[in-house]
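A.B. asks: Sequence:
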Amino acid sequence: MSTRIVGGHSTTIAEHPYMVSIRARNHFICGGTLVSTKCVMTAAHCSILASPSRWQVHAGTTFLKSHGIARTVRKWMVPADFNFFSIDMDVAFPLEEDDDVTVTGWGLKKEYPAAKLSNELQAVTVTLTNTEKCIKAYSEQNNVTENMFCAIGEHGSDACQGDSGGPAIRDGKQVASCARTTKRYGFFDSRIVGGEITTIDRVPYLVNLRQNGQFSCGGSIITGRCVLTAAHCVHKIPPATLTINAGASRLSDGAQVRQVVPTFVSTFYSPASLDMDVAILKLNQTLKGPYIAAIPLCSKRPNDEAKVRVSGWGITAENGREPSEQVRTVLVNVLPKPQCIQAYAGQAQITATMLCATVPGEKDSCSGDSGGPLVYQGQLCGIVSWGYGCARPQYPGVYTNVVSPRVNAFVKTIVMQNCL
12 MSTRIVGGHS TTIAEHPYMV SIRARNHFIC GGTLVSTKCV MTAAHCSILA SPSRWQVHAG
72 TTFLKSHGIA RTVRKWMVPA DFNFFSIDMD VAFPLEEDDD VTVTGWGLKK EYPAAKLSNE
132 LQAVTVTLTN TEKCIKAYSE QNNVTENMFC AIGEHGSDAC QGDSGGPAIR DGKQVASCAR
192 TTKRYGFFDS RIVGGEITTI DRVPYLVNLR QNGQFSCGGS IITGRCVLTA AHCVHKIPPA
252 TLTINAGASR LSDGAQVRQV VPTFVSTFYS PASLDMDVAI LKLNQTLKGP YIAAIPLCSK
312 RPNDEAKVRV SGWGITAENG REPSEQVRTV LVNVLPKPQC IQAYAGQAQI TATMLCATVP
372 GEKDSCSGDS GGPLVYQGQL CGIVSWGYGC ARPQYPGVYT NVVSPRVNAF VKTIVMQNCL
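For what it's worth, the numbering used here labels the leading residue of the sequence shown as 12, then goes sequentially.
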């Protein structure tokens, strides 16, 4: 899913003085609404990558390229029952069918590809649609709950990517926050698309990470006491809420469970760009037993076009709702870096700590596979990180490059000091 103003018109901040942009290191992330001089309301899913000290709210400007008045975010307050997989508890107040509401934002002005954020604030009027019709339209994708409503505009007008968190206004009052997401910012949706069922004895290094008992990400055993995963899976999450399950093919199977003691995230990790998206989890006890084995790190980057293996329990279609019960695996091809840079040109930065792999339009990782392994010739070469959608022809999956000098140095330092 994605969020932008499509088919709308340019407007000014004077007409919508409550509108703010939320940015990380001056990169636009989401819209929001001033509800007091010290508080902004936005969509809960916008906070997933939040490190408050890195995020700012910009108010009083029509244009993204202008800074306006900037304030640092001190704290995110998200409903305890917010469900990222369904985006439940992501909006505000109920409305009547056929009501007209105005949506504003700086989001994309058309669907991928060739989509860019609008520099100038946009507005569009949309009409609430029948909830039953909306539920039916998304029956194979995301749950439409009682905490949501659906709206559509005439002649293809709508909200889209980058309008997430922005206001829906009726009679001068905010009635909702927009709640559409993509893989890139809406939790770096990562799962196995186009793969096949496998068993843990084929991938004994693979573990699943859980927060408060609920599956969240994948990971790889690199020693008996340590697991390698993506930083975005654990950044700012209390280690006491995290456990890993090892040695089981199914999420519901009995497994060896270990408590995460500390988490190690590089000080150079960027939640905005996902540069250095790597973390190490130290466990309270050593992992031992059948179908449990550590995997060695790659000594060199796989060649372009090399077939590499990605495994995990992530959802199996871009708009899927639930992780796969059975572990799955897929072979994808390493993409030459210039092609990956070109694919994301103007939309996201491909840094030196990233590598790309995909079988365009057929196979990819997706939501829930984040943190899982990319393996070449029995060695761990990458970590599932991010991408736009899943298996989209024009957008390859992006992985943390374990062979990258900065990533490699970080991993080796933590392992030597904490994991042997």
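Calculated from the structure, these hints are not laboratory results. Please note: incorrect hints may appear among the correct ones.
Unchecked claim - 30 Å max Cα-Cα, derived BS3-like pairs, lysine-lysine:
#, residue 1, residue 2
1, Lys293, Lys49
2, Lys86, Lys247
3, Lys293, Lys311
Stated by the list, open to error - Quick list of simulated restraints, FRET-style, between CB atoms:
#, residue 1, residue 2, range
4, His78, Lys144, 40 to 50 Å
5, Lys247, Glu207, 33 to 43 Å
6, Lys348, Cys50, 35 to 45 Å
7, Asp212, Val268, 10 to 20 Å
8, Val272, Gln350, 36 to 46 Å
9, Thr23, Met88, 26 to 36 Å
10, Asn295, Phe74, 23 to 33 Å
11, His78, Lys147, 25 to 35 Å
12, Gln350, Asp212, 40 to 50 Å
13, Ala363, Met427, 21 to 31 Å
All figures in this text were calculated on a predicted structure; none of them were measured in a lab. All residues carry an ideal CB built from backbone N, CA and C; glycine is no exception.
A.B. asks: Taking the hints in turn, state whether each one holds.
C.D. replies: Hints and how they fare:
1. As the CA atoms of Lys293 and Lys49 are separated by approximately 38 Å, the hinted pair breaks the 30 Å bound.
2. Between Lys86 and Lys247 the CA atoms are separated by roughly 12 Å; this keeps the pair inside 30 Å, and the hint holds.
3. Straight-line distance between C-alpha atoms of Lys293 and Lys311 comes to about 25 Å, which keeps the hinted pair within the 30 Å bound.
4. Hint check: His78 to Lys144, Cβ distance near 42 Å, so the stated range 40 to 50 Å holds.
5. For Lys247 paired with Glu207, a C-beta distance near 35 Å keeps the hint of 33 to 43 Å intact.
6. As the Cβ distance of Lys348 to Cys50 is approximately 42 Å, the hint placing it in 35 to 45 Å holds.
7. With their beta carbons about 19 Å apart, Asp212 and Val268 fall inside the hinted range of 10 to 20 Å.
8. One distance hint, 36 to 46 Å for the beta-carbon pair Val272 and Gln350, holds here, with the actual separation near 41 Å.
9. Take Thr23 and Met88: their Cβ atoms lie about 30 Å apart, and the range 26 to 36 Å holds.
10. Look at Asn295 against Phe74: about 51 Å separates their beta carbons, and that is not inside 23 to 33 Å.
11. Restraint check, His78 to Lys147: a C-beta distance of roughly 44 Å breaks the suggested window 25 to 35 Å.
12. Taking 40 to 50 Å as the suggested C-beta distance range, the pair Gln350 and Asp212 does not conform, at roughly 35 Å.
13. The supplied range of 21 to 31 Å is met by Ala363 and Met427, whose beta-carbon atoms lie about 23 Å from each other.
Violation of the numbered hints given earlier is confined to hints 1, 10, 11 and 12; the remaining hints are satisfied by the structure.
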